[in-house]
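Trainee: One-letter residues, chain by chain:
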Amino acid sequence: MDDIIIITDLVKSFGDKVAVDHLDLRVRRGELFGFLGPNGAGKTTTVRCVATLTNFDSGTIIVDGYDIRRSPIEAKNRMGVIQQQVSLDKDLTIRENMISHAMYHMMGKREREAKIAELTEFFGLEEYLDKPVDSLSGGWKKRAAIVCAMLHDPKVLFLDEPTSGLDINARRLLWDVVRSLHSKGTTVFLTTHYIEEAEALCDRVGIIDRGRIIALDEPKRLCENVGSVAVEYMEGGRTNYRYFGTRDDAQAFASTLPTEGEIRIRRTNLEDVFVELTGKTVGGQK
Amino acid sequence: MIVDFLKQVYYVAWGDMRFLRHNFWNILVMSVMSPLLYLIAFGFGLRTGETSIGVSYVAFVIPGIAALSSLSSSFSSTSTRMNVQRLYYKSFDEMIMCPLSLSAIVFGKCTLGVVRGLIACGLIYVLGLCLPQAPELVASPLVIVCIVLSCVVFSMLGMAAALLAKSHQSMATFNSLIILPMTFLCGTFFSVSDLNVVFQAILYCLPLTHASECIRAAALPDYLDFPVVSLVVLIAFGVAFFLLDHWLLKTRKV
Numbered sequence: 001m002d003d004i005i006i007i008t009d010l011v012k013s014f015g016d017k018v019a020v021d022h023l024d025l026r027v028r029r030g031e032l033f034g035f036l037g038p039n040g041a042g043k044t045t046t047v048r049c050v051a052t053l054t055n056f057d058s059g060t061i062i063v064d065g066y067d068i069r070r071s072p073i074e075a076k077n078r079m080g081v082i083q084q085q086v087s088l089d090k091d092l093t094i095r096e097n098m099i100s101h102a103m104y105h106m107m108g109k110r111e112r113e114a115k116i117a118e119l120t121e122f123f124g125l126e127e128y129l130d131k132p133v134d135s136l137s138g139g140w141k142k143r144a145a146i147v148c149a150m151l152h153d154p155k156v157l158f159l160d161e162p163t164s165g166l167d168i169n170a171r172r173l174l175w176d177v178v179r180s181l182h183s184k185g186t187t188v189f190l191t192t193h194y195i196e197e198a199e200a201l202c203d204r205v206g207i208i209d210r211g212r213i214i215a216l217d218e219p220k221r222l223c224e225n226v227g228s229v230a231v232e233y234m235e236g237g238r239t240n241y242r243y244f245g246t247r248d249d250a251q252a253f254a255s256t257l258p259t260e261g262e263i264r265i266r267r268t269n270l271e272d273v274f275v276e277l278t279g280k281t282v283g284g285q286k
Numbered sequence: 001m002i003v004d005f006l007k008q009v010y011y012v013a014w015g016d017m018r019f020l021r022h023n024f025w026n027i028l029v030m031s032v033m034s035p036l037l038y039l040i041a042f043g044f045g046l047r048t049g050e051t052s053i054g055v056s057y058v059a060f061v062i063p064g065i066a067a068l069s070s071l072s073s074s075f076s077s078t079s080t081r082m083n084v085q086r087l088y089y090k091s092f093d094e095m096i097m098c099p100l101s102l103s104a105i106v107f108g109k110c111t112l113g114v115v116r117g118l119i120a121c122g123l124i125y126v127l128g129l130c131l132p133q134a135p136e137l138v139a140s141p142l143v144i145v146c147i148v149l150s151c152v153v154f155s156m157l158g159m160a161a162a163l164l165a166k167s168h169q170s171m172a173t174f175n176s177l178i179i180l181p182m183t184f185l186c187g188t189f190f191s192v193s194d195l196n197v198v199f200q201a202i203l204y205c206l207p208l209t210h211a212s213e214c215i216r217a218a219a220l221p222d223y224l225d226f227p228v229v230s231l232v233v234l235i236a237f238g239v240a241f242f243l244l245d246h247w248l249l250k251t252r253k254v
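Just so you know, the sequences run in chain order P and D.
So the first sequence is numbered by this note's numbering: it starts at 1 and just counts up by one.
So the second sequence is numbered by this note's numbering: it starts at 1 and just counts up by one.
It is possible that part of the hints are untrue.
Claimed, not checked - Simulated DEER-style distance windows between Cβ atoms:
#1 P:F14 with D:L127: 47 to 55 Å
#2 P:N55 with D:H168: 40 to 48 Å
#3 P:S164 with D:A240: 37 to 45 Å
Claimed, not checked - Straight-line Cα separation of at most 30 Å, DSS-like style, residue types lysine-lysine; simulated pairs:
#4 P:K17 with D:K90
#5 D:K90 with D:K250
#6 D:K90 with P:K131
#7 P:K115 with P:K90
#8 D:K166 with P:K115
#9 P:K220 with P:K131
#10 P:K90 with D:K250
#11 P:K155 with D:K90
#12 D:K166 with D:K90
#13 P:K115 with P:K17
#14 P:K184 with P:K155
#15 D:K166 with P:K90
#16 D:K250 with P:K155
#17 D:K7 with D:K90
#18 P:K155 with D:K7
#19 P:K109 with P:K90
#20 D:K7 with P:K17
#21 P:K115 with P:K131
#22 P:K131 with P:K109
#23 P:K109 with D:K7
#24 P:K131 with D:K7
#25 P:K184 with P:K220
#26 D:K7 with D:K250
#27 D:K90 with P:K109
#28 P:K155 with P:K115
#29 P:K115 with P:K220
#30 D:K166 with P:K17
#31 D:K250 with P:K17
#32 P:K90 with P:K17
#33 P:K184 with P:K131
#34 P:K131 with P:K90
#35 P:K90 with D:K90
#36 P:K109 with P:K184
#37 D:K166 with D:K250
#38 P:K115 with D:K90
#39 D:K90 with P:K184
Keep in mind that the hints were calculated from the coordinates and are not lab data.
Since the structure is predicted, the reported quantities are computational estimates derived from the model, not experimental observations.
Glycine residues also receive a C-beta, built at the ideal position from the N, C-alpha and C atoms.
From just these sequences and the hints, can you work out the full model?
Mentor: Below, the structure written as structure tokens:
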């Protein structure tokens with residue numbers, strides 16, 4: 001399988017603060033890649049660099065064979081980006097936003113009308129097309145933004161915290177959308193700080209902390225690397241975690257613990273991996 | 001190549017033209033209100049009689065009001081809409097991520113300001129042509145060229161201001177410190193030659209002075225020689241603002 005995104009030695013600083021620190025990353029064609037990290041780890045900055053929204057200090061970014069600095073037009077033609085904040089023009093209707101996006105990609109009238117009809121039907125947006133953006137709920141706005149980003153058939157779709165601020169129903173609906181896009185062969189690059197989102201959706205996950213990739217693998221293998229079985233127990237008024245390769249080892253350890261307080265033995269999840277590697281909870285606090 | 005470029009400009013401007021269409025009457029009233037107030041206050045209320053160049057003050061001031069309308073309408077409509085799209089809607093980012101040439105983005109995003117400027121200038125100028133107090137005014141292709149050029153220059157300045165602004169507040173500061181003084185001082189309501197040389201030197205560094213002089217001379221061809229130098233300077237300002245916009249987009253230091 002070849003790599004559709006190749007990021008090499010990427011550096012981006014804001015004044016003294018290094019947001020992305022010599023980051024190397026490769027995303028395979030057709031995969032659903034999750035980019036996890038605590039708040040301020042450099043996820044969004046990395047996506048903004050790839051999406052050509054932010055100039056980077058050094059390094060190279062290649063999308064589907066095109067260097068985004070040397071061939072930005074070709075690279076942009078292959079990307080669709082959905083930003084964390086819905087970036088639709090609120091002075092226009094949903095349909096007008098879609099037409100604008102299609103025009104930015106130089107799509108002719110017939111082509112864009114056909115594509116808008118196809119995607120709005122797929123996403124169930126037909127009845128909202130001529131409504132102002134602000135009349136839609138957050139989940140529907142995200143769907144409309146995804147349609148805009150998909151109009152030109154991008155080979156890789158960047159979703160920056162797509163479910164941030166959505167209720168659980170809207171979140172699950174979006175997960176279905178992401179899965180269906182992936183099943184059609186689109187490479188999806190998903191940044192999130194929702195661990196369960198990455199676990200539920202992603203083929204591979206990269207964990208970024210302080211601008212550097214600290215782990216990169218399939219979710220299951222990341223868990224195995226930490227230890228497949230977790231023991232969760234109370235000690236000194238706080239919850240502690242220990243990880244073991246087998247359930248027997250975990251049970252042996254649990255039997256040595258004082259009996260007061262709750263002791264849980266369970267499978268290790270990505271959140272455990274995340275906390276173990278970054279020393280932080282998902283929200284970014286230690 | 002050129003057709004492709006013009007197509008890109010049209011595609012960039014399309015959304016703004018839809019915005020204009022949705023808000024047409026509101027924009028029309030807003031565009032005509034301040035020039036009308038200036039005309040009533042300065043043209044009729046404050047002064048009457050003949051000016052040093054031998055035309056009525058109303059005929060003298062209408063080209064000045066057209067020039068300042070090109071500034072205020074073109075600048076504010078481009079800067080306000082872009083500021084909102086960039087800082088609040090984030091929809092400007094969408095355009096940057098698309099395979100469009102930066103020059104097409106500059107021209108396309110300036111179109112709304114140019115159209116609004118032309119509406120404001122056109123209405124005040126047509127009104128001036130109908131006034132019996134300003135029989136000296138003429139309508140000529142040169143007047144149109146000067147007004148269009150002026151609108152393009154100030155729309156591009158509006159884009160630069162919007163790209164540099166870090167907040168809505170900083171836009172307001174730019175308006176208060178740069179745009180408002182230009183409105184009143186740059187030969188719109190009086191001739192710059194009436195001032196001492198130091199003030200003249202300062203005012204000739206500003207684009208509105210040249211826009212006022214060009215529009216006035218084109219509007220009163222029997223009384224004033226056309227200032228070719230001012231036209232060249234105005235074009236130079238346009239090129240400089242275009243290059244600034246292009247550079248700001250390219251470096252994304254915004």
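Trainee: All hints are to be evaluated individually against the structure, with a verdict given for each.
Mentor: Verification of the supplied hints:
At about 51 Å, the beta-carbon gap between P:F14 and D:L127 stays in the expected band of 47 to 55 Å. For P:N55 and D:H168, the Cβ-Cβ distance of about 24 Å falls outside the hinted range of 40 to 48 Å, so the restraint is violated. Between P:S164 and D:A240, the C-beta spacing of about 41 Å keeps the proposed range 37 to 45 Å intact. The suggested pairing of P:K17 with D:K90 holds, with an alpha-carbon distance near 24 Å, which does not exceed 30 Å.
For the given pair, D:K90 sits about 18 Å from D:K250 by alpha-carbon distance, which is consistent with the 30 Å threshold. Straight-line distance between C-alpha atoms of D:K90 and P:K131 comes to about 19 Å, which keeps the hinted pair within the 30 Å bound. Under the criterion of a C-alpha separation no larger than 30 Å, the hint pairing P:K115 with P:K90 is consistent with the structure, at around 22 Å. For the hint pairing D:K166 with P:K115, the CA-to-CA distance comes to about 36 Å; that exceeds 30 Å, so the pair is violated.
Taking the CA atoms of P:K220 and P:K131, the gap is about 43 Å. The hint is violated against a cut of 30 Å. For the suggested pair P:K90 and D:K250, the alpha carbons sit about 26 Å apart, so the restraint of at most 30 Å is met. Straight-line distance between C-alpha atoms of P:K155 and D:K90 comes to about 23 Å, which keeps the hinted pair within the 30 Å bound. About 13 Å separates the Cα atoms of D:K166 and D:K90, which keeps this hinted pair within 30 Å; it holds.
Taking the CA atoms of P:K115 and P:K17, the gap is near 43 Å; set against the 30 Å cutoff, the hint is violated. With a C-alpha separation of about 11 Å, the suggested pair P:K184 and P:K155 falls inside the 30 Å cut-off, and the hint holds. For the hint pairing D:K166 with P:K90, the CA-to-CA distance comes to about 20 Å; that is within 30 Å, so the pair holds. Between D:K250 and P:K155 the CA atoms are separated by roughly 25 Å; this keeps the pair inside 30 Å, and the hint holds.
Between D:K7 and D:K90, the direct Cα distance comes to roughly 23 Å. Compliance with the 30 Å bound is thereby established for this hinted pair. Of the supplied pair hints, the one linking P:K155 and D:K7 holds, its CA atoms being roughly 25 Å apart against a limit of 30 Å. Between P:K109 and P:K90, the direct Cα distance comes to roughly 23 Å. Compliance with the 30 Å bound is thereby established for this hinted pair. For the hint pairing D:K7 with P:K17, the CA-to-CA distance comes to about 41 Å; that exceeds 30 Å, so the pair is violated.
Distance hint between P:K115 and P:K131 is fulfilled; the C-alpha atoms sit about 19 Å from each other, no more than 30 Å. For the hint linking P:K131 to P:K109, the alpha-carbon distance of about 21 Å falls within 30 Å, and the restraint holds. Pair hint P:K109 plus D:K7 holds up; C-alpha atoms about 12 Å apart against a cutoff of 30 Å. The suggested pairing of P:K131 with D:K7 holds, with an alpha-carbon distance near 27 Å, which does not exceed 30 Å.
Our distance criterion of 30 Å between C-alpha atoms is met by P:K184 and P:K220, whose separation comes to about 24 Å. Between D:K7 and D:K250, the direct Cα distance comes to roughly 21 Å. Compliance with the 30 Å bound is thereby established for this hinted pair. Using a Cα cut-off of 30 Å, the hinted pair D:K90 and P:K109 holds, with the two alpha carbons roughly 25 Å apart. With a CA separation close to 16 Å, the supplied pair P:K155 and P:K115 stays within the 30 Å bound.
Among the hinted pairs, P:K115 with P:K220 is inconsistent with the structure: their alpha-carbon atoms are about 37 Å apart, more than 30 Å. A C-alpha spacing of about 19 Å is found between D:K166 and P:K17, which places the hinted pair at or below 30 Å, so the restraint holds. With a C-alpha separation of about 23 Å, the suggested pair D:K250 and P:K17 falls inside the 30 Å cut-off, and the hint holds. Among the hinted pairs, P:K90 with P:K17 is inconsistent with the structure: their alpha-carbon atoms are about 33 Å apart, more than 30 Å.
Taking the CA atoms of P:K184 and P:K131, the gap is near 29 Å; set against the 30 Å cutoff, the hint holds. Distance hint between P:K131 and P:K90 is fulfilled; the C-alpha atoms sit about 10 Å from each other, no more than 30 Å. Restraint check for P:K90 and D:K90: satisfied, since their Cα atoms lie roughly 10 Å apart, inside the 30 Å limit. Between P:K109 and P:K184, the direct Cα distance comes to roughly 25 Å. Compliance with the 30 Å bound is thereby established for this hinted pair.
Distance restraint check for D:K166 and D:K250: the Cα-Cα separation of roughly 17 Å lies within the 30 Å cut-off, and the hinted pair is therefore satisfied. Under the criterion of a C-alpha separation no larger than 30 Å, the hint pairing P:K115 with D:K90 is consistent with the structure, at around 24 Å. A threshold of 30 Å between alpha carbons decides the hint, and for D:K90 with P:K184 the separation of about 29 Å falls inside it, so the pair holds.
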